[in-house]
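Protein chains in written order, with the numbering used here: chain L, 10 to 516; chain P, 10 to 516.
Any given hint could turn out to be false.
Treat identical chains as interchangeable: a pair holds within one or across any two.
[To be verified] With a cut-off of at most 30 Å between alpha-carbon atoms, the simulated DSSO-like pairs for lysine-lysine come out as follows:
#	residue 1	residue 2
1	Lys393	Lys223
2	Lys53	Lys71
3	Lys133	Lys49
4	Lys53	Lys298
Keep in mind that the hints were calculated from the coordinates and are not lab data.
Protein chains: 2
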Amino acid sequence: MNSREFREFGKAMVDYIADYIDNVRDRDVLPSVTPGYLEKHIPKETPVDGENWKDVLHDVEKLIMPGVTHWHSPHFHAYYPTAQSYPAIVGEMLSAGIGCIGFSWMASPACTELEVITMNWLGKLLGLPEEFLNCSEGPGGGVIQGSASESTLVGLLAAKEKMVRSTQKNNPSLSEGDIKGKLVAYTSDQANSSVEKSGILASVPMIHLPSDTKGRLSGDVLREAIRRDKAAGLIPCYVVATLGTTGTCAFDNLEELGAVCNEEGVWLHVDAAYAGAAFVCPEYRYLMKGVELCDSFTFNAHKWMLVNFDCSALWVKDARYLVEAFNVDRIYLQHQHEGKAPDYRHWQIPLGRRFRALKLWFVLRIYGTEGIRRHIRNHISLAKHFQELVLNDSRFEVVTSNLGLVCFRLQGDDSLTKELLEKVTANKKLYLIPCYTQQKFVIRFVVCSRITTIEDINCSWAEIISHANTIVPYTTDNSIMHEPRKNDYINLTTYQEPDDSMNEKSK
Amino acid sequence: MNSREFREFGKAMVDYIADYIDNVRDRDVLPSVTPGYLEKHIPKETPVDGENWKDVLHDVEKLIMPGVTHWHSPHFHAYYPTAQSYPAIVGEMLSAGIGCIGFSWMASPACTELEVITMNWLGKLLGLPEEFLNCSEGPGGGVIQGSASESTLVGLLAAKEKMVRSTQKNNPSLSEGDIKGKLVAYTSDQANSSVEKSGILASVPMIHLPSDTKGRLSGDVLREAIRRDKAAGLIPCYVVATLGTTGTCAFDNLEELGAVCNEEGVWLHVDAAYAGAAFVCPEYRYLMKGVELCDSFTFNAHKWMLVNFDCSALWVKDARYLVEAFNVDRIYLQHQHEGKAPDYRHWQIPLGRRFRALKLWFVLRIYGTEGIRRHIRNHISLAKHFQELVLNDSRFEVVTSNLGLVCFRLQGDDSLTKELLEKVTANKKLYLIPCYTQQKFVIRFVVCSRITTIEDINCSWAEIISHANTIVPYTTDNSIMHEPRKNDYINLTTYQEPDDSMNEKSK
Numbered sequence: 010m011n012s013r014e015f016r017e018f019g020k021a022m023v024d025y026i027a028d029y030i031d032n033v034r035d036r037d038v039l040p041s042v043t044p045g046y047l048e049k050h051i052p053k054e055t056p057v058d059g060e061n062w063k064d065v066l067h068d069v070e071k072l073i074m075p076g077v078t079h080w081h082s083p084h085f086h087a088y089y090p091t092a093q094s095y096p097a098i099v100g101e102m103l104s105a106g107i108g109c110i111g112f113s114w115m116a117s118p119a120c121t122e123l124e125v126i127t128m129n130w131l132g133k134l135l136g137l138p139e140e141f142l143n144c145s146e147g148p149g150g151g152v153i154q155g156s157a158s159e160s161t162l163v164g165l166l167a168a169k170e171k172m173v174r175s176t177q178k179n180n181p182s183l184s185e186g187d188i189k190g191k192l193v194a195y196t197s198d199q200a201n202s203s204v205e206k207s208g209i210l211a212s213v214p215m216i217h218l219p220s221d222t223k224g225r226l227s228g229d230v231l232r233e234a235i236r237r238d239k240a241a242g243l244i245p246c247y248v249v250a251t252l253g254t255t256g257t258c259a260f261d262n263l264e265e266l267g268a269v270c271n272e273e274g275v276w277l278h279v280d281a282a283y284a285g286a287a288f289v290c291p292e293y294r295y296l297m298k299g300v301e302l303c304d305s306f307t308f309n310a311h312k313w314m315l316v317n318f319d320c321s322a323l324w325v326k327d328a329r330y331l332v333e334a335f336n337v338d339r340i341y342l343q344h345q346h347e348g349k350a351p352d353y354r355h356w357q358i359p360l361g362r363r364f365r366a367l368k369l370w371f372v373l374r375i376y377g378t379e380g381i382r383r384h385i386r387n388h389i390s391l392a393k394h395f396q397e398l399v400l401n402d403s404r405f406e407v408v409t410s411n412l413g414l415v416c417f418r419l420q421g422d423d424s425l426t427k428e429l430l431e432k433v434t435a436n437k438k439l440y441l442i443p444c445y446t447q448q449k450f451v452i453r454f455v456v457c458s459r460i461t462t463i464e465d466i467n468c469s470w471a472e473i474i475s476h477a478n479t480i481v482p483y484t485t486d487n488s489i490m491h492e493p494r495k496n497d498y499i500n501l502t503t504y505q506e507p508d509d510s511m512n513e514k515s516k
Numbered sequence: 010m011n012s013r014e015f016r017e018f019g020k021a022m023v024d025y026i027a028d029y030i031d032n033v034r035d036r037d038v039l040p041s042v043t044p045g046y047l048e049k050h051i052p053k054e055t056p057v058d059g060e061n062w063k064d065v066l067h068d069v070e071k072l073i074m075p076g077v078t079h080w081h082s083p084h085f086h087a088y089y090p091t092a093q094s095y096p097a098i099v100g101e102m103l104s105a106g107i108g109c110i111g112f113s114w115m116a117s118p119a120c121t122e123l124e125v126i127t128m129n130w131l132g133k134l135l136g137l138p139e140e141f142l143n144c145s146e147g148p149g150g151g152v153i154q155g156s157a158s159e160s161t162l163v164g165l166l167a168a169k170e171k172m173v174r175s176t177q178k179n180n181p182s183l184s185e186g187d188i189k190g191k192l193v194a195y196t197s198d199q200a201n202s203s204v205e206k207s208g209i210l211a212s213v214p215m216i217h218l219p220s221d222t223k224g225r226l227s228g229d230v231l232r233e234a235i236r237r238d239k240a241a242g243l244i245p246c247y248v249v250a251t252l253g254t255t256g257t258c259a260f261d262n263l264e265e266l267g268a269v270c271n272e273e274g275v276w277l278h279v280d281a282a283y284a285g286a287a288f289v290c291p292e293y294r295y296l297m298k299g300v301e302l303c304d305s306f307t308f309n310a311h312k313w314m315l316v317n318f319d320c321s322a323l324w325v326k327d328a329r330y331l332v333e334a335f336n337v338d339r340i341y342l343q344h345q346h347e348g349k350a351p352d353y354r355h356w357q358i359p360l361g362r363r364f365r366a367l368k369l370w371f372v373l374r375i376y377g378t379e380g381i382r383r384h385i386r387n388h389i390s391l392a393k394h395f396q397e398l399v400l401n402d403s404r405f406e407v408v409t410s411n412l413g414l415v416c417f418r419l420q421g422d423d424s425l426t427k428e429l430l431e432k433v434t435a436n437k438k439l440y441l442i443p444c445y446t447q448q449k450f451v452i453r454f455v456v457c458s459r460i461t462t463i464e465d466i467n468c469s470w471a472e473i474i475s476h477a478n479t480i481v482p483y484t485t486d487n488s489i490m491h492e493p494r495k496n497d498y499i500n501l502t503t504y505q506e507p508d509d510s511m512n513e514k515s516k
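With the rest of the complex left out, here is chain L (with noise of 0.2 Å):
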């Protein structure tokens, strides 16, 4: 394809993204098709000859389309929202184009230094402590991560090396397989499945410690959990805090557990994969009360911040530990301005990495600082909206609330609220996914499509009335409008004034 062509297929497939996005309403959210559905359809082996670009976009519509769950239609919410923007995709074009491997600074000096500046951006938009950033006079910084996932292990990785150095220091005797061996780390039962995959990857046990009836993890627990370790002879080295769980977007109490792991000397790790994207608008910040005490702290851009896929950000305190966990160097590696700029390639997994601060650049100023936060007041007061709607029926329990997630179920015994998920799936014009929570059955309903309007959610939530309406018949009682029961939600959604100590850390 040479160049003239691909200024055809490039600007079709332009139109085809917008009309596609435009369109997206009048598409069932999820698939009708079956597992094996595509091979059916499409040859056994590659063609002899190159196709023409024509035929191939013609079978995106034609055999890709069918089989797509489409995360971006208003009526996806399922999981959490991943993210896609306009300005995000053309800078995954133009991150495409420029085709370059940025892992190291010679490799292509604007990817390590567009990365550096717009992590800088981010952190003060989210306002975090001044030391996590690469622009402070230590040793903190940034890092586009592809997931959560890999933050989490980067961040345990770092963690018991850490320890194993620090261990050994203090206990010359022992070897390093000793002292490997005792180590242990510790999240809450709410925390997201990464987590636990994370410390089986890194061979270091993850304890899932309990929750509160809100989801919470507290301080008292982990201070219970590591003096009876500690007791047994294991090494506790590091701990994850979510900020924002999968199931019910529960909040650790962070304060609480950083002062117990600043006590240990355990690494802090904070997870806020979906709810860091809150913390650009100031009254939310005060759910991260007490982020000045961790190590590492991560927030999916590519979740809730409009910056397509992958766009994990992480900062850490200390880039040192993570260098110093990764560092692999060889000859065809090295060049002349080493150690003048991060050589981002210590701080992640892989080698290899694309340009992917373009994204963030460009949504970063396409939207501004306003632009965002409107995005995400108006998510949540969708959320809020839906809340009332669920509310107003008094079939209908919210069991939690918070942020762009609510979780809701019938009245009485689970087996209703699972019927109404089985039928609300099985007509596939909305996608929703349950939880536990409370010893209760839930539908987890999130706000998750940028496009989302107040009418799409009375859309989705006449969808659920009319399966439910055939599970709990219909009464005048349900329609009557009532108070909001205080009692049957948390919400932490409630405005609260800006924390100003943490704001003035932002400047």
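Since chain L is already given, all that's left is putting chain P on it; use the hints.
Only chain P this time, still in chain L's reference frame:
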């Protein structure tokens, strides 16, 4: 940004990328900036209000491009190629436009299914044994990873888990910790730095075995190392063989290593990151003789096979070992079709994954088998042309040459070649990097850019000569045509008849 503006911005970016590649020869391949150049031109914080995309695009040319190392310039000869092609760029666009996260079948069926199909296509294209393919009856299969680093680590983690289980089965008294403390892995001293890193990340010592004078690891060396380490009570679990080393593109003796690994029950992983693409041409498949003996095989379609980064293809003979090593299930990830299609999240480190099969599909269809073979053969013939140019100047020697790489130097002391490389690099017209081989400092010359022509190679050579002339004065003697001095270099690229037994397997 609304869809109308996206249509404008996206199309302007398509033209920008096409213009960039059309005119990339006008730019110095190496940038003239010094560390910290960019922060002088960029504000310290995100703008409050959103900016116009035209201003952003303007700054790309004004601020970013001066700091870019142009990996797709025909005068970029460093490292190995990284892929960039028009079909792949458009595939990336569509992947960003759909923006799904395909961690399970249900999360987007087409995302999983197209990956299954394209990995079958790709495996057949390379002539891999059937048992590695998803379409075989057995437990083998292919998956797209982000990088060869990840593929190597995934293999190591699976091998580690497998060895722990089998060792525990035979020695129930041994604890998991005891076994893990005894595991060792092997690779050659010519392996990529990412192999060593995988050992560090997985806490398994990665022992570097000596390669022969031609950079190849033999079976005897491995057998002796395993014997020695088992006698010392260690447990060998993983061997990484390299097909096409980073330094000189040497090939380990896979048949010998495979025989040893199979005897010893040790997992054999093949890293063919660069060279694997050559196997699309039957005449180079003799270089992977013995591949049927390995447990996992990876090559980077994003290096030499026209698919933009990231697209590291990994095949395993038994995917159950990956799933056993990585599976962490939660209710929010379950769906009714579980088990009927691979849930690729259990085949990799991160939970999230984007729709990377699209760009692979676009490249395979739009180039076709013959188009891809033409690309590979063209690069190899351009490297041969460069080799002839070097051989025809008696001031130089070719130390090794293989596929698209020629390692050459000035005759005499290393300091001459070092001076040459410094001068070439300082002039920024070419990007070349060094390595040591056979106790000599050599310059690696790799044909990297997809658009390279014979005139580009001549132009690169003229630039090298212009600096060489200032170090070793030109005399008429130098230009005398002579027969290639056969003993000066290892020539593995000599055409061999296709190995029929291997080709059969690909059918």
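Structure-based check of each hint:
| no. | hint | in the structure |
| --- | --- | --- |
| 1 | Lys393 with Lys223 | within (19 Å within a copy, 68 Å between copies) |
| 2 | Lys53 with Lys71 | within (18 Å within a copy, 47 Å between copies) |
| 3 | Lys133 with Lys49 | between (51 Å within a copy, 18 Å between copies) |
| 4 | Lys53 with Lys298 | between (55 Å within a copy, 25 Å between copies) |
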